[in-house]
Amino acid sequence: SAVISQKPSRDICQRGTSLTIQCQVDSQVTMMFWYRQQPGQSLTLIATANQGSEATYESGFVIDKFPISRPNLTFSTLTVSNMSPEDSSIYLCSCTRRGRFPTSGVHSYEQYFGPGTRLTVT
Amino acid sequence: AQSVTQLGSHVSVSEGALVLLRCNYSSSVPPYLFWYVQYPNQGLQLLLKYTSAATLVKGINGFEAEFKKSETSFHLTKPSAHMSDAAEYFCAVSAYSGAGSYQLTFGKGTKLSVIP
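Chains A and B supply the protein sequences, listed in that same order. Mind the numbering: the first sequence is residues 1 to 122 in my numbering, read in order. Mind the numbering: the second sequence is residues 1 to 116 in my numbering, read in order.
Worth flagging that the hints you see were computed from the coordinates, not collected in a lab. Predicted, not measured: the structure shown is a model, and the values here were computed from it. Ideal Cβ placement from N, Cα and C applies to all residues, glycine included. Hints are all accurate, no fakes.
With a straight-line Cα cutoff of 30 Å, these simulated DSSO-like cross-link-like pairs (lysine-lysine) come out:
1. Lys65(A) / Lys108(B)
2. Lys68(B) / Lys111(B)
3. Lys7(A) / Lys111(B)
4. Lys111(B) / Lys69(B)
5. Lys111(B) / Lys58(B)
6. Lys69(B) / Lys108(B)
7. Lys7(A) / Lys65(A)
8. Lys108(B) / Lys68(B)
9. Lys7(A) / Lys108(B)
Simulated restraints, written as ranges between beta carbons of each label pair:
10. Ser70(B) / Ser84(A): 45 to 53 Å
11. Leu7(B) / Val62(A): 31 to 39 Å
12. Thr5(B) / Thr122(A): 31 to 39 Å
13. Pro71(A) / Asn41(B): 24 to 32 Å
14. Ser26(B) / Ser84(A): 27 to 35 Å
15. Gly62(B) / Gln14(A): 44 to 52 Å
16. Asn82(A) / Ile115(B): 40 to 48 Å
17. Gln22(A) / Ala17(B): 36 to 44 Å
18. Lys65(A) / Ala1(B): 23 to 31 Å
19. Ile115(B) / Gly52(A): 45 to 53 Å
20. Thr5(B) / Pro115(A): 23 to 31 Å
Given the sequences, and given the hints that come with them, work out the whole structure.
Listed below in C-alpha cells is the structure:
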C-alpha cells in the first residue's frame, strides 16, 4: 500500500487568505488526485495531477481558485485561494498504484488516500 | 457516466448483529466497485473491491460484499458487528480505462453506529 502524508492536518484561516496543502507519497506514483469532502458530504474530485503536465480540473473547479503543482512523482500541492467560509472542508490527497489486494491476491490499480486536511474558514 | 446510491445515511446495529450497508450503482461500462471506511478524523481506507473476478469479495476486518449485476448492487455485510466498526462507509464505482486512468465516483456515505 502507499503511505500518503498531508500538511497541515488542520488549519483555521481568515476569509480572503490562501492556504497551500502539501501531499507527500512514500514512493513514485503516476497519478495523484485532490478531493474535497464538505461537512456531512461525500468526496468530490477537484482535479487530477500528473507529473509534467497541467492538472485536469473537474466541472465546478477552476485553476485560479485551486492551483495545483506536481513537481515530481512523489509530491503535490493544492492551494485554496481567496478563501471564503464555503471552502471549509476536508481536502484529501490520493494516488493510484499498482498493487496486490491482500485478501484476493489480484493485481490491479488501487487508489489510496491521505489523512486529509481539515480547513475552517472564518 | 457512472453513479452510486447508498441507501440510508445512518444505520444503527447492536453489537454482534448483522451489518448490511446497501449500495446500488449505475455504469455504462463494466464497473470496478469499492467500499471504503473512514474513521473519525482519519482518511479513507480501502475495505474491499470488485474487479470482475469472484462476485463475492472478502475484505479486511471481516467485511464482504457481493456483486449482483442483475440488481446493479454491491451491498456490504459483516456477520457480527463490533464496536470498532463504528465509522462512515463509502461505496464507490470506477470505470477503468487502462494504465491507471480511471475516476472514482463516491456515494454519499453511510454512517454506521454500533450499540453496545
